[in-house]
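Peer 1: Residue strings, one per chain:
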Amino acid sequence: MLLCLLDVIMPLFAFLAATRNRYILKYQLGANIVSAMATGSSKSRHAPAGELAVRTERRTQLLDVTAGVAKMVQDSGVQTGICYVYVPHTTAGVLINENADPDVAADIEAALTRMVPKDAGYRHAEGNSDSHIKTALVGSSATIFISGGQLELGRWQGIFFCEFDGPRSRRLRVKIVPD
Amino acid sequence: MLLCLLDVIMPLFAFLAATRNRYILKYQLGANIVSAMATGSSKSRHAPAGELAVRTERRTQLLDVTAGVAKMVQDSGVQTGICYVYVPHTTAGVLINENADPDVAADIEAALTRMVPKDAGYRHAEGNSDSHIKTALVGSSATIFISGGQLELGRWQGIFFCEFDGPRSRRLRVKIVPD
Amino acid sequence: MLLCLLDVIMPLFAFLAATRNRYILKYQLGANIVSAMATGSSKSRHAPAGELAVRTERRTQLLDVTAGVAKMVQDSGVQTGICYVYVPHTTAGVLINENADPDVAADIEAALTRMVPKDAGYRHAEGNSDSHIKTALVGSSATIFISGGQLELGRWQGIFFCEFDGPRSRRLRVKIVPD
Chain A
1091 MLLCLLDVIM PLFAFLAATR NRYILKYQLG ANIVSAMATG SSKSRHAPAG
1141 ELAVRTERRT QLLDVTAGVA KMVQDSGVQT GICYVYVPHT TAGVLINENA
1191 DPDVAADIEA ALTRMVPKDA GYRHAEGNSD SHIKTALVGS SATIFISGGQ
1241 LELGRWQGIF FCEFDGPRSR RLRVKIVPD
Chain B
1091 MLLCLLDVIM PLFAFLAATR NRYILKYQLG ANIVSAMATG SSKSRHAPAG
1141 ELAVRTERRT QLLDVTAGVA KMVQDSGVQT GICYVYVPHT TAGVLINENA
1191 DPDVAADIEA ALTRMVPKDA GYRHAEGNSD SHIKTALVGS SATIFISGGQ
1241 LELGRWQGIF FCEFDGPRSR RLRVKIVPD
Chain C
1091 MLLCLLDVIM PLFAFLAATR NRYILKYQLG ANIVSAMATG SSKSRHAPAG
1141 ELAVRTERRT QLLDVTAGVA KMVQDSGVQT GICYVYVPHT TAGVLINENA
1191 DPDVAADIEA ALTRMVPKDA GYRHAEGNSD SHIKTALVGS SATIFISGGQ
1241 LELGRWQGIF FCEFDGPRSR RLRVKIVPD
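Protein chains in written order, with this note's numbering: chain A, 1091 to 1269; chain B, 1091 to 1269; chain C, 1091 to 1269.
Keep in mind that the hints were calculated from the coordinates and are not lab data.
Derived pair list, reagent style SDA-like, types lysine to any residue, alpha-carbon separation capped at 20 Å:
(1) Lys1208/C to Ala1200/A
(2) Lys1208/A to Ala1196/B
(3) Lys1208/C to Asp1191/A
(4) Lys1208/B to Met1205/A
(5) Lys1208/A to Ala1200/B
(6) Lys1208/B to Ala1200/C
If we strip away everything but chain A, and leave its shape as in the complex, we get (with noise of 0.2 Å):
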């Protein structure tokens, strides 16, 4: 009986200490993330949700967006579970690799654009069907541990939001799935 209180108290004190942080958050994140929000209700018992505004700058670019998922991980409470990135756009995906070194990220962008060129006869008369297939490539969404109440990411990698048609506003969903 305790333990099922607690299911449902402990996700409102996340979500109030969310709400909170949120007008902080913008100037902790970094020059391209606009926004987080935690868009969670009291009404779901365990999973905090919300989303991260970017803004990003070029047509092909990887946006490290690492510290403001692990705020949202912070600010959630959660000790033990799984967050969950998705990115509602079509031209736009998000994968995991190395932050160190910002040369990684540069190769990959052209990498990428080497693979799917801007052009090649495709029947998609928006001009943008590379956009489309590199995010087919790279994936939606993304999957990463939670652990003592930290994002459990390997040593070098970091979460990269890919913009592959901007510049643009964008929108990052972040959902945190407590054990």
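Given the coordinates of chain A, assemble chains B and C onto it according to the supplied hints.
Peer 2: Just chains B and C now, kept in the frame of chain A:
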């Protein structure tokens, strides 16, 4: 205590609802979805599961299965959670991309075939190594959030079963995990 | 109330079982899997977690880790749920594909190397940009359903750890979430 009971009763109702709709579904999901079947049992307290049977018509074909998956989510009665789709084949995958203009799917099909030619001195004797390689690139599963009892897809997003060695009868497994 | 207690007791049993089997495992999983370790604690009410330590032997190598992951699922005692595998490295990934004919894995290795050459004017100074790019294409995690206490893989499917900058000692994290 009440919450614990709800945990048992609600998926049971969802399962019964899914069973009742099983025979109706095949007439509603479009030509290529042969059937949709809930395979959960009353033992499973939390996560309704099921399967879409699809029929592909070309060797390489992105087949829009959004309506079929969306119907299973609605039938499950789950309001907030995650929907997992999984392809149990090794020459077919699943991806999320634009389903408004069918030219996008056609461009993705063509680009994958350009990147992974059918014949390129492969070792595997069955003549479908390109199908296995395309599957490795696209992936065997996708994750979509559920909110308000619906798949929380972006405005232009649909779910595509990716046939790379058709035409064939195929299966897409679906698992719906409430928060 | 009884159900709440079961929620606590059952994973505890699973954890104890996993701990007991920890030392036996390394002799059963084949040459390349160095060890398998359950890293969950009794605080974690729901989701047993662990890690496979693998040893790769070539620069680019798809290593079949299905037996190791399957063993961890069995040891967890989880009957229905989801198994997540996660690679904490930036030059190695994980994918699901055919493990019956080893030529399929060899063809995937060769195709990725053809698509992403080792040298192509990359900026990253460590000389392994191709390894990072292949990882971005293949992905860092995979999701497999659990049913009847077993990984619910398709008939021809296996789980491959994808080494792209070996030979090295590597880790594959495993998390098992019951429904």
